[in-house]
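*Asks:* Once you know that position 276 of the sequence shown is 287 in our numbering, the rest is easy, because the numbers rise by one and skip nothing.
It should be emphasised that the hints constitute simulated quantities derived from the structure, not laboratory data.
For glycine and all other residues, C-beta sits at the position ideal for the given N, C-alpha and C.
Heads up, some of the hints might be wrong.
Stated by the list, open to error - Listed below are the simulated SDA-like cross-link pairs for lysine to any residue, each with C-alpha atoms no more than 20 Å apart in a straight line:
(1) Lys558 to Gln622
(2) Lys291 to Ser346
(3) Lys291 to Asn350
(4) Lys550 to Glu607
(5) Lys261 to Met324
(6) Lys426 to Met365
(7) Lys524 to Gln501
(8) Lys500 to Leu516
(9) Lys591 to Glu410
(10) Lys558 to Gly547
(11) Lys276 to Met324
(12) Lys500 to Glu518
(13) Lys276 to Ser320
(14) Lys591 to Ile649
(15) Lys360 to His433
(16) Lys338 to Asn280
(17) Lys89 to Glu100
Said to hold, decoys possible - Quick list of the computed label-pair ranges, beta carbon to beta carbon:
(18) Lys645 to Lys426: 44 to 54 Å
(19) Glu410 to Pro514: 37 to 47 Å
(20) Ala669 to Arg614: 24 to 34 Å
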Amino acid sequence: QEPFVADEYIERLAWRTPGGGSRGGEAFDPKRLLDEFVNHIQELQVMDERIQRKVEKLEQQCQKEAKEFAKKVQELQKSNQVAFQHFQELDEHISYVATKVCHLGDQLEGVNTPRQRAVEAQKLMKYFNEFLDGELKSDVFTNSEKIKEAADIIQKLHLIAQELPFDRFSEVKSKIASKYHDLECQLIQEFTSAQRRGEISRMREVAAVLLHFKGYSHCVDVYIKQCQEGAFLRNDVFEDAAILCQRVNKQVGEIFSNPETVLAKLIQNIFEVKLQGYVKDQLEEHRKSDAEQYLKNLYDLYTRTTNLSSKLMEFNLGTDKQTFLSKLIKSIFISYLENYIEVEIGYLKSRSAMILQRYYDSKNHQKRSIGTGGIQDLKERLRQRTNLPLGPSIDTHGETFLSQEVVVNLLQETKQAFERCHRLSDPSDLPKNAFRIFSMLVDFLCTEHIDYALETGLAGIPSSDSKNANLYFLDVVHQANTIFHLFDKQFNDHLMPLISSSPKLSECLQKKKDIIEQMEVKLDMGIDRTLNCMIGQMKHILAAEQKKTDFKPEDENNVLIQYTNACVKVCGYVRKQVEKIRNSMDGKNVDTVLMEFGVRFHRLIYEHLQQYSYSCMGGMLAICDVAEYRKCAKDFKIALVLQLFDTLHALCNLLVVAPDNLKQVCSGEQLANLDKNILHSFVQLRVDYRSARLARHFS
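Let the hints inform the model, and build the full structure from the sequences given.
*Replies:* Here it is, written out as structure tokens:
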């Protein structure tokens, strides 16, 4: 039995044999175990022979059955071939019979069709005779319940009557036409009544009968008219229209054989009657009196109409429903869209002018003319070349004439104009219209507001030799910078999507670049003149506070080593201006302006120190002043400015160093690269310079 393991089998046999289970023990009997193994081997051999004979017998039996099965399969194949032959014969016979039956059917149909036509013609002739006699006796004409059969008959008689000559059959033709008209009216009335009762099946039956009548279109008109009864009771005509079309779309397929045509006709009727009348009422009221409300209503109505069109796109309206709906929308708005951009530009112009004028009125400011022409252009070129104020300075009393509220209002109006332009402009005109709106923004925001403020700010900058001058131009710079960021954001967010794929893109970018460059020239000019004024103020401080005795005291032994009063006031003034510059600029502009201011600050101090003679204690005091200036220069956080003041501090050491050490100091790291004339000019400031000993050492 499986699983068979020989070792386990031998082990079990040894344990079952007496004396065979203990190796080397007292009870172990190897002879008995050997005898048991020999006997068991003989039994296994006998069993093997018996099983082998049984296997041979089974193999013989299997071979015999295989031969019998093969013989049986051959017999079945022969039977199958016979059956297949019988099937082919039967199929041929059936085909033959079917051919005969078809032929017979054709013959019967050939006989029956003329017979049916003859019967039909006989009936029609009978009914025609009744019309000739002038008395309709047939039940089909007198029984109102058989209106469907009567309609079929009268429709056929009407077609026949069309072929008859008028002179001989005029009377009967008029009777048939009258009956045709009466039945048509009855059917339409029946359809109307069924629609009011909500009987869809009856409506379907009547519509199927009317399909072959001329009045079928009138049936559709009646259906469309009754569908709209009570459908437009709310204030939202667009939502009512969408709900109505959705309801009819579910119903129309159960009634008419051409539901897409009926639904399209309903939609056309809604657009041309309901929507067109509603749009006209809403727009004509404000068209000439209120441009703002007119544009808002036009945008809103056009948007809601296109949204309704998008909802209707899901219905089956025929092959080209997109074109169909677009034509309907165009038919409503064509008269308003043709001159839309002119209305938009006119409104934007008047609105922007009003916003600016209202702001200047609130400041009690009469806007002065900047002026153009030959003289003004000449002044502008001279001012750009010389950076000198031409004309009297204007006191602006700290007013920048820039308003973020005004800017936000102008940008908001322009944003809404861009949105309307995107929705209402024809795709081919969109870039051109968007460019016109952008031009209006440039005119009023950049030219009329920012440029005017810059011009006014430039005119308000005092001359560099003015005392106690108030400098407000940096406030103008700060606000102009903020406004430019808002202007640039609107350019990218609202204008770029409208012109990105058109030739107008390069034109807009160039216009933007030109206006920014024009503004930057004036900003640079104003900053430069403001820095000149700052330096002028510092000159006045130094001139008023610095005394000659500061650096050549009468009593050399009674001087406290500290910086002078002039130095304290100059440093205080400089720190305020540095903070103001940082608050007014951003990005790299801060470092650029601070570097220029720092260089001019250094030049001022350098030239100022050149005006005095220095005793030993005076030189120490000058070094203390320069050290304080250098500490102030660290606030600039500009490496070049700090380096200049480090060098100036080293130069001041020449004022106090012993004559024997002059050459060593001059060859130091900070002074080695300076021109010898500069070093000489500082040494000459020493009181003891004319002594032979000092001159000899420096030479």
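*Asks:* Would you list, in rising numerical order, the hints stated earlier that this structure does not obey?
*Replies:* none
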